[in-house]
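Trainee: Given the structure of chain A, go ahead and fit chain B onto it with the hints provided.
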Amino acid sequence: MIITPVTLNKQKNDFTIIDIRSSDEIGKFPLVGLNTISSPYGNKINIGGQKVLVCQYGIVTEGIIIEKNIKDAYSLLGGAQAWIEFYNDNEDLSRWARQTVLPEIGIEGQKKLLESKVSIIGMGGLGCPAAQSLVTAGIGNIKLIDNDEISLSNLHRQPLYSIEDVGEEKVVVAKSKLENLNPEVNIEIDNSFFDNENCEELLSNTDVIIDATDNIKSRQNIDQASKKFNIPMIYGGLFRFEGQVATLNVNGSPGYKELFPDPQSKEEDSCVEAGVLGMLPGIIGNIQALEAVKLIVGINKNLIGKLLIYDAMNHDTQVIEL
Amino acid sequence: MIFIKVKCFSQVKYALGVDELTFQLDEDSTSNDLENIIRKKAGPKLNNISLRIAINQKYLIEETILQDGDEVVFIPPVQGG
Chain A
1 MIITPVTLNK
11 QKNDFTIIDI
21 RSSDEIGKFP
31 LVGLNTISSP
41 YGNKINIGGQ
51 KVLVCQYGIV
61 TEGIIIEKNI
71 KDAYSLLGGA
81 QAWIEFYNDN
91 EDLSRWARQT
101 VLPEIGIEGQ
111 KKLLESKVSI
121 IGMGGLGCPA
131 AQSLVTAGIG
141 NIKLIDNDEI
151 SLSNLHRQPL
161 YSIEDVGEEK
171 VVVAKSKLEN
181 LNPEVNIEID
191 NSFFDNENCE
201 ELLSNTDVII
211 DATDNIKSRQ
221 NIDQASKKFN
231 IPMIYGGLFR
241 FEGQVATLNV
251 NGSPGYKELF
261 PDPQSKEEDS
271 CVEAGVLGML
281 PGIIGNIQAL
291 EAVKLIVGIN
301 KNLIGKLLIY
311 DAMNHDTQVI
321 EL
Chain B
1 MIFIKVKCFS
11 QVKYALGVDE
21 LTFQLDEDST
31 SNDLENIIRK
41 KAGPKLNNIS
51 LRIAINQKYL
61 IEETILQDGD
71 EVVFIPPVQG
81 G
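Protein chains in written order, with my numbering: chain A, 1 to 322; chain B, 1 to 81.
Only chain A is shown next, with the shape it has when bound in the complex (with noise of 0.2 Å):
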């Protein structure tokens, strides 16, 4: 079991709390504003009545009380680093544990992630994954931006839509399913078709664009309407079983243009003509949130200046520098 620190701060009376960390860490992290009993070698966990075991990050203890079988036992969900937060900021980030445990996230790149806007144009293949990872991920705000209609053949492809939404707005649908999975992030739909005239009011206050467009038009809208307002955008393309991701525009980094000057294609080439497997778009479009998670939190490690080629079928991947 586990309790969340907005939960515990609310019940703190009611039980033992039980801290099983070195004396090292409690000296460095120390559980301000709790009562604890100090037990790091565990010898103390079996003791009766209600408790909340307390670690670092909440991990340990939450096996410790399954390997154990302790009862009455809750974990504190996120451990002493989410208590702390929750006491000296009175923002209970502990849901994100799993990610701020992680050197490169930490508590200072969830609450950058927190503050930051995505906007998603084109809620399609690409869109759908990435907004679902993005939402959950603890994105505060997303502006969702389609014109179009969900039809039985999106379905396959685009997991926030299901049978009884054929017919409606894909962003009412998207912005409904996505508030399910994360009720706190704001997010702000439009059912306009992005272009050069209405770009500037689409993409207000936006930190990251998602390109998640089906077009090479539109995708050269986007780069100039990125590299205009200094906004990066996230590119992911999709032919069959392959995929491609960029990170451009960031700082005068290379751009749509300067990666395709000249882009030739043709229209039998698109996911409606030449078919593509419902995965693909979900591979791919995570790895659009995942580089624009990368470039909110300021990981040096990502794809600006690179083009990642993903081929599905033999699991073949191409880093290109630009």
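Calculated directly from the structure, the hints in this document are not laboratory data.
No residue lacks a Cβ here, since even glycine has one placed at the ideal position from N, Cα and C.
Treat the hints with care, as some may be off.
Said to hold, decoys possible - Restraint ranges, calculated between C-beta atoms of paired labels, are given here:
#, chain 1, residue 1, chain 2, residue 2, range
1, B, Lys58, A, Lys227, 21 to 27 Å
2, A, Leu181, B, Gln24, 51 to 57 Å
3, B, Asp19, A, Asn180, 38 to 44 Å
4, B, Val18, A, Glu188, 32 to 38 Å
5, A, Glu179, B, Gly69, 53 to 59 Å
6, A, Pro103, B, Gln24, 47 to 53 Å
7, A, Pro103, B, Gly17, 42 to 48 Å
8, A, Pro103, B, Gln57, 26 to 32 Å
9, A, Met313, B, Asn47, 23 to 29 Å
10, A, Phe229, B, Gln24, 48 to 54 Å
11, B, Thr22, A, Thr317, 38 to 44 Å
Mentor: Relative to the frame of chain A, chain B by itself:
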């Protein structure tokens, strides 16, 4: 003579029907020479499709003389999303 490996992706792979090919070319052959060979081999399937070229995982800005052992990727723009 030099040997060049071409890794095929997207429309190039579907036009040629293989994942990769090795070509034996004259010394001083260029990236454009190789593109012409690929387009000729692919026939009309690559008509009206632009291709960018990367050699040894680095995008080419301009025509370059190929070196023995180079690995070349032709990259078309892809539309799907």
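Trainee: Does each hint fit the structure? Answer for all of them.
Mentor: Each hint, compared with the structure:
1. B:Lys58 with A:Lys227: 21 to 27 Å: About 23 Å separates the Cβ atoms of Lys58 (chain B) and Lys227 (chain A), which means 21 to 27 Å holds.
2. A:Leu181 with B:Gln24: 51 to 57 Å: holds (55 Å)
3. B:Asp19 with A:Asn180: 38 to 44 Å: Given about 42 Å between the Cβ atoms, the range holds.
4. B:Val18 with A:Glu188: 32 to 38 Å: Since the Cβ atoms of Val18 (chain B) and Glu188 (chain A) sit about 47 Å apart, the hinted range of 32 to 38 Å is violated.
5. A:Glu179 with B:Gly69: 53 to 59 Å: Holds, at about 54 Å.
6. A:Pro103 with B:Gln24: 47 to 53 Å: holds (50 Å)
7. A:Pro103 with B:Gly17: 42 to 48 Å: holds (46 Å)
8. A:Pro103 with B:Gln57: 26 to 32 Å: Because 29 Å falls inside the window, the suggested range holds.
9. A:Met313 with B:Asn47: 23 to 29 Å: The hinted range 23 to 29 Å holds for Met313 (chain A) and Asn47 (chain B), with Cβ atoms some 24 Å apart.
10. A:Phe229 with B:Gln24: 48 to 54 Å: Taking Cβ atoms as reference, Phe229 (chain A) and Gln24 (chain B) lie about 50 Å apart, which means the hint holds.
11. B:Thr22 with A:Thr317: 38 to 44 Å: violated (20 Å)
When each numbered hint is compared with the structure, violations occur for hints 4, 11.
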